[in-house]
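Start from chain Z and add chain F according to the hints.
Number of protein chains: 2
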Amino acid sequence: MALSKQPYKGARDFYPEDKRLQKYLFNTMRNVVERFGYEEYDAPILEPLELYKAKTGEEIVNEQTYTFTDRGDRQVAIRPEMTPTVSRMVAAKRQELTYPLRWYSIPNLWRYERPQRGRLREHWQLNVDIFGVAGPEAEHEVISMADSIMTTFGAKHDMYTIRLNSRKLSDYLLQEHLKFDHEQSRSLTKLIDRMHKISASDFSEQVDDLLTDTQRHAKADKALMAVLNATSIAELPPELHDHKSVEELKKLFELLKSSGVTNAVFDPSLMRGFDYYTDIVFEVFDTDPENNRSMFGGGRYDGLVGLFGVDSVPTVGFGLGDVTLQNFLGSHKLLPALRPETDLWVVLIGATYERAQGVLNEMRDAGLNVALDSTGRKTDKQLKAALKKGIKYALFIGEKELEKGEYTLKNLETVKETKQSIDEVIKLVSERA
Amino acid sequence: MALSKQPYKGARDFYPEDKRLQKYLFNTMRNVVERFGYEEYDAPILEPLELYKAKTGEEIVNEQTYTFTDRGDRQVAIRPEMTPTVSRMVAAKRQELTYPLRWYSIPNLWRYERPQRGRLREHWQLNVDIFGVAGPEAEHEVISMADSIMTTFGAKHDMYTIRLNSRKLSDYLLQEHLKFDHEQSRSLTKLIDRMHKISASDFSEQVDDLLTDTQRHAKADKALMAVLNATSIAELPPELHDHKSVEELKKLFELLKSSGVTNAVFDPSLMRGFDYYTDIVFEVFDTDPENNRSMFGGGRYDGLVGLFGVDSVPTVGFGLGDVTLQNFLGSHKLLPALRPETDLWVVLIGATYERAQGVLNEMRDAGLNVALDSTGRKTDKQLKAALKKGIKYALFIGEKELEKGEYTLKNLETVKETKQSIDEVIKLVSERA
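Here the protein sequences come in this chain order: Z and F.
Numbered by the working numbering, the letters in the first sequence go through residues 1341 to 1773 in order.
Numbered by the working numbering, the letters in the second sequence go through residues 1341 to 1773 in order.
Isolated chain Z (complex conformation) (with noise of 0.2 Å):
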């Protein structure tokens, strides 16, 4: 029986078409936080499951992470996000490393879920995350960056807002202003983030049922969606202002608008799926009707390092998906058009293969990629493959070109044939545009 020709399920084949796109997306992203003095690194895809066992959250673990037992007994998981490893890998090196520590990664992540739109069971996320900076300078670099890199794919601000809220903002407000004790607010937390994909009135019989009836009477409901549909931090209830939280979440805004982030907003029903995160969240939001949902986000968590006995290290990272990304950028419709990599195809008229590997080399030296059609075929063959791969040029090569150093060069573009030196072939081609 033949075998079979599919990838495994929910994981994409990467054919040079799809590939090209990939790398246009990560070379993209490198530049922008290459820019701003980030380091790239990269860390095993299999790591001991233990590692997410600390705070990964449950249902990832349980439910959606790929784990096995390797041939020497150990348990094993395909990593499903990075922030575990980053955290072990700094935990390290800990004494060694000099902070402020600027790193990124764009590592292919695995889990286990039923496959969808804009969510597949692997994908490749840009990580990236800066250690040692315990004030929001570290907020507002990393969140400036996520702009910048949205900016640099052409997005404009009206396409996507970036949510902020503050965990400790969060704590405050369920614990000390609403008076939930721990294990509700907890509930409470897990309920909220999951607020906007559930209707509103699931949503307040689920925080009915978490109420005692004290608070039932108290009308804590009430309260607490008071303070969940506030838009700016002008509308949290007065008391609040002066909370240490809210004068950071302050400071942040006003850093983010002086540097041009003027699409960043409020939002207290902001909570992110990880356990790990202590203060300040953020999330990046289409704006597009059709597809309003978060694309990413990211956020400080200062406790990470230390679960690796070591001091902890104040961090701020996020995360972005090439899947997200590559669904946004098609919706709004900034995914360019790009060319093969090949510059040039050369077509052999008669038996020259041997002869043409001089003139072919000097191209190649002087940085043209070229490809040639070695099959031995007619011309009009040769030159309909060139055609159908999208390579801009054909240039042939016969014993009578290569006698008098002169070749018939043909834009399959515009269709233009014109006789040319090699040097001169080597000036137009280069010419990429």
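It is possible that part of the hints are untrue.
The calculated SDA-like cross-link candidates involving lysine to any residue, where the alpha carbons are at most 20 Å apart (straight line), are [to be verified]: (1) Z:LYS1393 with F:LEU1343; (2) F:LYS1363 with Z:ASN1448; (3) Z:LYS1508 with Z:HIS1522; (4) Z:LYS1728 with F:GLN1435; (5) Z:LYS1433 with F:LYS1729; (6) Z:LYS1591 with F:THR1715; (7) Z:LYS1395 with F:GLN1435.
The hints are simulated quantities; they were obtained by calculation from the structure and are not laboratory data.
Quick look at chain F alone, frame taken from chain Z:
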């Protein structure tokens, strides 16, 4: 208990300095193969286990491949090699693709082995394949490209040899010339593959075990050794000189010589571990007596695409691993010193973080990679961080500097300080070299 800071056994963390080296290796490879018209593809790291059962070889599949059963009860493998994957992808679009097809990828591959020098449990491997060329032009191109990769990294021809053999010739030798039966010739192939890893006496003992009395009487072992010890085609017994596979080898040597690959030699004892090779095979050997071993290799495998229920496609390819390459370049002192990606470190004097943003943006927009010390600590500590990170330039930004538009730029290598406008800073730092 604190979590472990170690990566998974036999796998590597890439800190920024390690990743920088890896990027240098990958980008150099990419440049060379794209000059030859190759286009990058990629595929999921997980594949159905079945994909490897057909041709990868029993030892690798049963003892060395990472396999597990997923939550949907599928038997999955973490890919131990890329060749079955690329064959699957070509088969899936057999009719739509335009030949010759030149593809490359740099996948991460995993094998459960005892970690040792040059062999970890994971590595990254350049895979290059040409599909659709039946003639020796395919081998010539692929081997020339392997040579070009080596020389582009700075290797000289006396540092490595390229050994060539033909599976067709080996089969003919064993079965027709030396009259071994099918079973004997299979066992001998495997034994010859290990010939240089065991002692000469062990080898001849094991050969002897495979012979029949008649063969022993006819001194078949002597005849075998005479063939295996040939160091050139001329040294083969004369009756072999007319065999088609010898003609093909000769043609290939001629082509290689004509394009400057002068370090290719014939090695009749060269077999390759994988079962799928059908004709010419080659391996690149380090000539360093301390490290005299095979670094990488490849060959022709015309039958693999056909396993997926479509017409087969003539294919030649090779794989070059990053660990082996790095060891080679290291032992031959060919690894370059690489600078950090960050060009400039900004030292803030006083509380100028917010006001400095405009200048930072200006430098970044002009293409400089600029990091800043946003810790708020003393200037000498900020400067020390830049030195420790190996960054070439530091720029001091305080209130006074912002007012005058004149900044102190310090070259941390020459320790020279000059006063410059931002335009001048951009000009000076852009001359990276």
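Now for the hints, and whether the structure bears them out:
Taken as a hint, the LYS1393 of chain Z and LEU1343 of chain F pair is honoured in the structure, with Cα atoms around 10 Å apart against an allowance of 20 Å. Of the supplied pair hints, the one linking LYS1363 of chain F and ASN1448 of chain Z holds, its CA atoms being roughly 17 Å apart against a limit of 20 Å. A hinted pair counts as satisfied when its Cα atoms are at most 20 Å apart, and LYS1508 of chain Z with HIS1522 of chain Z qualifies at roughly 14 Å. Restraint check: the Cα-Cα separation between LYS1728 of chain Z and GLN1435 of chain F comes to about 13 Å, which is no more than 20 Å; the hinted pair holds.
Taken as a hint, the LYS1433 of chain Z and LYS1729 of chain F pair is honoured in the structure, with Cα atoms around 14 Å apart against an allowance of 20 Å. For the proposed pair LYS1591 of chain Z and THR1715 of chain F, the alpha carbon gap of about 16 Å is at most 20 Å, so the pair holds. Straight-line distance between C-alpha atoms of LYS1395 of chain Z and GLN1435 of chain F comes to about 49 Å, which puts the hinted pair past the 20 Å bound.
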